[in-house]
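Colleague: Could you put the whole structure together from the sequences, leaning on the hints where they help?
The listed protein sequences derive, respectively, from chains A and B. Each residue of the first sequence is one higher than the one before, starting from 0 at the first, in numbering that gives the first Met the number 0. Each residue of the second sequence is one higher than the one before, starting from 0 at the first, in numbering that gives the first Met the number 0.
In case anyone wonders, no lab produced these hints; they're calculated from the structure. A portion of the hints provided could be inaccurate.
Taking CB as the label site, the calculated pair distances span [said to hold, decoys possible]:
id, chain 1, residue 1, chain 2, residue 2, range
1, B, F69, A, L9, 25 to 35 angstroms
2, A, R34, B, F69, 49 to 59 angstroms
3, A, A23, B, R267, 38 to 48 angstroms
4, B, L173, A, A23, 50 to 60 angstroms
5, A, L9, B, T190, 18 to 28 angstroms
Covered by chain A, according to a simulated footprint, are these stretches of chain B (three or more residues, beta-carbon under 8 angstroms) [stated by the list, open to error]:
id, stretch
6, 23-36
7, 176-188
From chain B, some residues computed to sit far from chain A (all C-beta separations above 10 angstroms) [unchecked claim]:
id, residue
8, D42
9, D70
10, G170
11, V228
12, L252
13, R269
14, R274
15, H287
16, V288
Heads up, the beta-carbon is just placed ideally off N, CA and C, and yes, glycines get one too.
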Amino acid sequence: MRGLSRVRGLVALLGDVVEHGSRAVEEVHASTAARGFAVAEWVAPSPRVRAVRAAHDLGVALSYEGVRVVTRAARSTLTLALDVAEIASPPRDAG
Amino acid sequence: MASLLEQAIGALNGAVGDYLARTGNGLATEMCLVRDNRPVGLDHASLRDTGPRVAVLVHGLMCSEDVWAFDDGGDYGAMLQRDLGVHPLYVRYNSGLSIPENGALLSRLLERTLAALPIQQIILIGYSMGGLVVRSACHDAKLGERAWLGRVERAVYVGTPHLGAPLERAGRVLSRLLGRVDDPAARLAATLAELRSDGIKDLGDADLRHEDRARRAPTFALRDPRHPVPLLEDFPHFLIAGSRFDDRLTRTLFGDLVVTLPSATDGRWRHDAARPIEGVAFVDRVHHVALAHDARVYEHLLGFCGGAP
Numbered sequence: 000m001r002g003l004s005r006v007r008g009l010v011a012l013l014g015d016v017v018e019h020g021s022r023a024v025e026e027v028h029a030s031t032a033a034r035g036f037a038v039a040e041w042v043a044p045s046p047r048v049r050a051v052r053a054a055h056d057l058g059v060a061l062s063y064e065g066v067r068v069v070t071r072a073a074r075s076t077l078t079l080a081l082d083v084a085e086i087a088s089p090p091r092d093a094g
Numbered sequence: 000m001a002s003l004l005e006q007a008i009g010a011l012n013g014a015v016g017d018y019l020a021r022t023g024n025g026l027a028t029e030m031c032l033v034r035d036n037r038p039v040g041l042d043h044a045s046l047r048d049t050g051p052r053v054a055v056l057v058h059g060l061m062c063s064e065d066v067w068a069f070d071d072g073g074d075y076g077a078m079l080q081r082d083l084g085v086h087p088l089y090v091r092y093n094s095g096l097s098i099p100e101n102g103a104l105l106s107r108l109l110e111r112t113l114a115a116l117p118i119q120q121i122i123l124i125g126y127s128m129g130g131l132v133v134r135s136a137c138h139d140a141k142l143g144e145r146a147w148l149g150r151v152e153r154a155v156y157v158g159t160p161h162l163g164a165p166l167e168r169a170g171r172v173l174s175r176l177l178g179r180v181d182d183p184a185a186r187l188a189a190t191l192a193e194l195r196s197d198g199i200k201d202l203g204d205a206d207l208r209h210e211d212r213a214r215r216a217p218t219f220a221l222r223d224p225r226h227p228v229p230l231l232e233d234f235p236h237f238l239i240a241g242s243r244f245d246d247r248l249t250r251t252l253f254g255d256l257v258v259t260l261p262s263a264t265d266g267r268w269r270h271d272a273a274r275p276i277e278g279v280a281f282v283d284r285v286h287h288v289a290l291a292h293d294a295r296v297y298e299h300l301l302g303f304c305g306g307a308p
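Modeller: Take a look at the structure:
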């Protein structure tokens, strides 16, 4: 069962990497974009620039959240499959 | 010895093993004795022939017991068994946990081992971080008055950063500086750097106790040039240090490229020393990882283990 436990661990670790990693990258993305939009709004303050920024921010948030949702779904599916595999496999000595 | 998978898991544990343990991840390695690439219980058949004198080999950061292996499949443990009849016991552990945690775990493991096997004399051999884990275990055993400490006849440290690792201290400062830069990418880099394990962070000042870890500060200099936990006087200690270079100054500064000579010799190294230093051996033209499987290192190890305790 140590092998299955490790596969579970790998699935969990990859899930954590995507979850936390995507949030960190999203933060960098949003901060970097905010600087550009701030300059644009300072140079040409208009409703159009603000609308573009709002659309951009929404798109970014949805994209990163989408990645996390798909990852969570894949993780749940794999965990379920491992549960089934564990139940189906005969018990063995540890090691 | 260990398979590629075990080596990869050992490296992963060294990098983020504290996180793996904290989150109950199945990839976290539990401290155990290993025989033929598999963890073995103390009732395992392969341990039944254990003699009264054993050598406990503790590997370093981000590796497994495989680090001891020579190209021909031999290792220090097997060679000591051949030459001195010492029975080798290989320890595998999560090198990402803090050194005090691993020290306490090793102390408990040795206590259980002593209860299960007919051991009279113990030689402790620690490579790199493994040497600090050995020291921390001895400290734990001293405080807890554990019986196994009384059976230790000597300890040999191979490439162990007794006075910390400058690389980690530099990383600590760099990480702090990056965190202060008002730039999202720099902050991300700082966040990533801070993900390194407790075990790696402990190497900076060679922290053996939890209270030492709590006093950690971001500085290039050693927090305490005289280590707060001196080597125990209960048994002799031997140190083997390596250097990648021949030149005196360069080898003092860079040592084996990971551990400096003053650190590997617990402050006993003097670059202008004319005479050999008692209990200390030097090996030239060797890098840090090779110290764990080098014929010249073994000659010193054999000499240190073969003499009267």
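Colleague: Next, verify each hint and record whether it holds.
Modeller: These are the hints, each one checked on the structure:
Between B/F69 and A/L9, the C-beta spacing of about 31 angstroms keeps the proposed range 25 to 35 angstroms intact. The hint said 49 to 59 angstroms for the Cβ distance between A/R34 and B/F69, and at roughly 55 angstroms that hint holds. For A/A23 paired with B/R267, a C-beta distance near 44 angstroms keeps the hint of 38 to 48 angstroms intact. Between B/L173 and A/A23 the C-beta distance comes to about 18 angstroms, which lies outside the given range of 50 to 60 angstroms.
The beta-carbon spacing between A/L9 and B/T190, approximately 23 angstroms, falls within the hinted interval of 18 to 28 angstroms. Counting residues of the stretch 23-36 of chain B whose beta-carbon sits less than 8 angstroms from any beta-carbon of chain A gives 4, enough to reach three: the coverage restraint holds. Residue count for the stretch 176-188 of chain B with a Cβ under 8 angstroms from a Cβ of chain A: 4. That meets the three needed, and the coverage hint holds. At roughly 12 angstroms, the least C-beta separation between B/D42 and chain A is larger than 10 angstroms, which holds for a residue marked as non-interface.
Here B/D70 stays apart from chain A, with its beta-carbon at least about 28 angstroms from theirs, past the 10 angstroms limit. Non-interface status of B/G170 relative to chain A is upheld: no Cβ of that chain comes within 10 angstroms, the nearest being about 19 angstroms off. The Cβ of B/V228 lies farther than 10 angstroms from every Cβ of chain A, with a closest approach of about 33 angstroms, so its non-interface assignment holds. Even its closest Cβ contact with chain A, about 36 angstroms, leaves B/L252 beyond 10 angstroms, as expected for a residue assigned away from the interface.
The beta carbon of B/R269 is kept farther than 10 angstroms from every beta carbon of chain A, the shortest such distance being approximately 46 angstroms. Residue placement check: B/R274 keeps its beta carbon more than 10 angstroms from all beta carbons of chain A (closest about 51 angstroms). No Cβ of chain A approaches the Cβ of B/H287 within 10 angstroms, the least distance being about 27 angstroms, so the stated non-interface status holds. For B/V288, the condition that its CB be more than 10 angstroms from all CB atoms of chain A holds, with the nearest at approximately 25 angstroms.
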